[in-house]
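A.B. asks: Make a model of the complete structure from these sequences and hints.
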Amino acid sequence: MGDADLAIRAVGLGKQYRIGARVLGGPGTLRDAMAAGVRQFVRGGRARQEAPTVWALRDASFEVRRGEALGIVGANGAGKSTLLKLLARITEPTCGYADVRGRVGSLLEVGTGFHADLTGRENTYLNGAILGMRKAEIDRKFDEIVAFAEVERFIDTPVKHYSSGMYMRLAFAVAAHLDTEILLVDEVLAVGDTAFQRKCLGKMDDVTRHGRTVLFVSHNMEAIQRMCPQGIWIEQGRLAAMGPIGEVVSQYRAAHYEAAGGLGRFNPRSRSGTGWARVLDLALLDAASVRVGALPADADLRFQIDLELARDATAGASLRGLIVELNITSEDGRPLVSLMTADDDGVELPAARRCRLETVLSGPTFVPGRYRMNVFVGIPYLEHVDELVDALEFEILPPEHPWRPYALHERRGIVCRRAPWRCEVVAPELRGPHD
Amino acid sequence: MTPDVSAVVPRLRIERRRAWSVADLRELWAYRELLYFFVWRDLKVRYKQTVLGVAWALLQPVASMVVFWLFFGKLAHVPSDGLPYPLFSLAGLVPWTYFATALSGGSNALVGSQALISRVYFPRLLIPLGAVVTPLVDFAISFVLVAGLMAWYGAPVHVTLLALPLLLVLLVSAAAAASSWLAALQAQYRDVRYLVPFVTQFWLFVTPVVYPASLVPAKWRALYGLNPLAGIITGIRWTLFGGPMDLSLLTVSVVTIAAALVSGYLYFHRLERTLADVV
Chain A
1 MGDADLAIRA
11 VGLGKQYRIG
21 ARVLGGPGTL
31 RDAMAAGVRQ
41 FVRGGRARQE
51 APTVWALRDA
61 SFEVRRGEAL
71 GIVGANGAGK
81 STLLKLLARI
91 TEPTCGYADV
101 RGRVGSLLEV
111 GTGFHADLTG
121 RENTYLNGAI
131 LGMRKAEIDR
141 KFDEIVAFAE
151 VERFIDTPVK
161 HYSSGMYMRL
171 AFAVAAHLDT
181 EILLVDEVLA
191 VGDTAFQRKC
201 LGKMDDVTRH
211 GRTVLFVSHN
221 MEAIQRMCPQ
231 GIWIEQGRLA
241 AMGPIGEVVS
251 QYRAAHYEAA
261 GGLGRFNPRS
271 RSGTGWARVL
281 DLALLDAASV
291 RVGALPADAD
301 LRFQIDLELA
311 RDATAGASLR
321 GLIVELNITS
331 EDGRPLVSLM
341 TADDDGVELP
351 AARRCRLETV
361 LSGPTFVPGR
371 YRMNVFVGIP
381 YLEHVDELVD
391 ALEFEILPPE
401 HPWRPYALHE
411 RRGIVCRRAP
421 WRCEVVAPEL
431 RGPHD
Chain B
1 MTPDVSAVVP
11 RLRIERRRAW
21 SVADLRELWA
31 YRELLYFFVW
41 RDLKVRYKQT
51 VLGVAWALLQ
61 PVASMVVFWL
71 FFGKLAHVPS
81 DGLPYPLFSL
91 AGLVPWTYFA
101 TALSGGSNAL
111 VGSQALISRV
121 YFPRLLIPLG
131 AVVTPLVDFA
141 ISFVLVAGLM
151 AWYGAPVHVT
161 LLALPLLLVL
171 LVSAAAAASS
181 WLAALQAQYR
191 DVRYLVPFVT
201 QFWLFVTPVV
211 YPASLVPAKW
221 RALYGLNPLA
231 GIITGIRWTL
241 FGGPMDLSLL
251 TVSVVTIAAA
261 LVSGYLYFHR
271 LERTLADVV
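Those sequence lines, one after another, are chains A and B.
Per the numbering used here, the very first residue in the first sequence carries number 1; after that it's consecutive.
Per the numbering used here, the very first residue in the second sequence carries number 1; after that it's consecutive.
No wet-lab data here; the hints were simulated from the structure.
Incorrect hints may appear among the rest.
Said to hold, decoys possible - Simulated pairs of lysine-lysine, BS3-like, Cα-Cα distance not exceeding 30 Å:
#, chain 1, residue 1, chain 2, residue 2
1, B, K48, A, K141
2, A, K160, A, K141
3, B, K48, A, K160
4, A, K160, A, K203
5, A, K203, A, K135
6, B, K44, A, K135
7, B, K219, B, K74
8, A, K160, B, K219
9, A, K160, A, K135
10, A, K199, A, K160
11, A, K141, A, K203
12, A, K199, A, K135
13, A, K135, B, K48
14, A, K199, A, K141
15, A, K141, B, K74
C.D. replies: Written out as structure tokens, the structure is:
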């Protein structure tokens, strides 16, 4: 590969941060600095104590070709944002270097530098200049930016009067019209409503199609796989994998599936409520009643809940109205479906010390991805008895026996169901009455 | 594939930077438009939702002048090199007010721009520089006041007025030096926030604003020049009102400013590399 083809070449790039008191207590004070000096003097000029440090990124070497979209995956705190910050020159590497060919624009956070008292027009110019645009360039693109953000009528209103949606749209629009050869993007697609998100994704596709290089950090595996043919996976500050995005994502997923050990495990960490009834366990079971963390999209999801009641609760009639609800959410917490014991097909909870509840959500269920569950035990509108957020995380894998339009399903929604159809001939002749 | 664009596409190596290089100064120049935008923003925002608006620029030095005139001029009979005391003190107060505003703005500038610094790259020096440039507008407005007062007293214009631009350059340089030092210090040590108002007050009294530099014995005059504002304000009065000029005072001040400017730039630059991590 010719050198001229490269947009970025990083060699041994690393960033070390000091941690400990200085960071925890915020910026230091002169007194701290002086006290440290005195301490050093008293101890007889011994070498300065090494502050504890941590490598946020270490030994990162990779290449990105011109016009390529590179997806960056990894857990929170793995070093993805540090990498972007180094490439955006927000902070300096501790070691190594990166050769960058072309101007670098960053969408690390949209709306940076917006001032509430200034109008949309004024903020467009200010923000554009902060992001590195020339005034002449903003003049040229102004109408396009405003049209993209759909704020034409309010462009001369101070942005403090904007709705949060309008604000974010304008902020994204300015950033999206940066004409740099290299664009760093960090999760900005989460702004606005679905229609605007689609518009943003379209804009991103546009950007790569015009031969610009994009580095895209996201937790949205679906978006990352659609936009970026190549990817790298950063794990604890080091490059764990690079190559075609599909392979990188599946390696990342596999590792997290094992290492986290969280999938399929009951997690009562976030719990609230009056507590006279408590969820002891929540499990996802496969067809053989074995506890699992992942199931294919076409399998039934069986959930099992162990519930314990306080002794005094079992005595009276206070169980009346007590229900258990399972709420399945997407990875980012959007509720998808709710399963309740109060349904017509549900059960009444017995006044027993312990009971085991079970329910089945028949497959096919959801498109492949991670899902979470919240549990609610209580009397609707009256009492929260035991509420657990993110009590269980599980993964839906691609179906074992993909049915025919499965690939379409995956693109058309989160829930995938199969619905029976009927067709009745109403008029037998193909020709209509107007012929 | 597009034809070879390597000729036009800038290349950059991102690595640990050296303490100083010409490239950094060139980059600062390339970003001058952003400096303009920072100043433009500050001016736009400054007087929004205020009743008096730009009148605030005049109110501060005029109010101080009246108080100083009453107490120092009328009651304490502080000498004023033979000039009417209001004119004498206003000519000192206007540049002093500019300097003090730049100082407090500059020292708070980095901390106030935290969000910007941790998200976007640009030469960080633009932030304290913006704080030095913005109050120049107020300075220009209140300078008209000085001219008006000169006309009122019928003070003649001297040929020394030609040197005024030079002294203004010195004034801005002194403000830039002080604010890059203080901005960098405050980013690391928040104590500076409490120190600056105190230092400013103290500085006013060791500067010939309410009294003439001629009050200081001649043998100490050169030492007095270590306070750059002493040389500048005496110099500005000299360009406006003529008369003899103590060159040793001005020379020492110029050297002090140059030293503070260079060291301030180097100190700021050293911090700039990791600013996003500490601010």
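A.B. asks: Output the numbers, in ascending order, of every earlier hint that fails for this structure.
C.D. replies: 8 and 15
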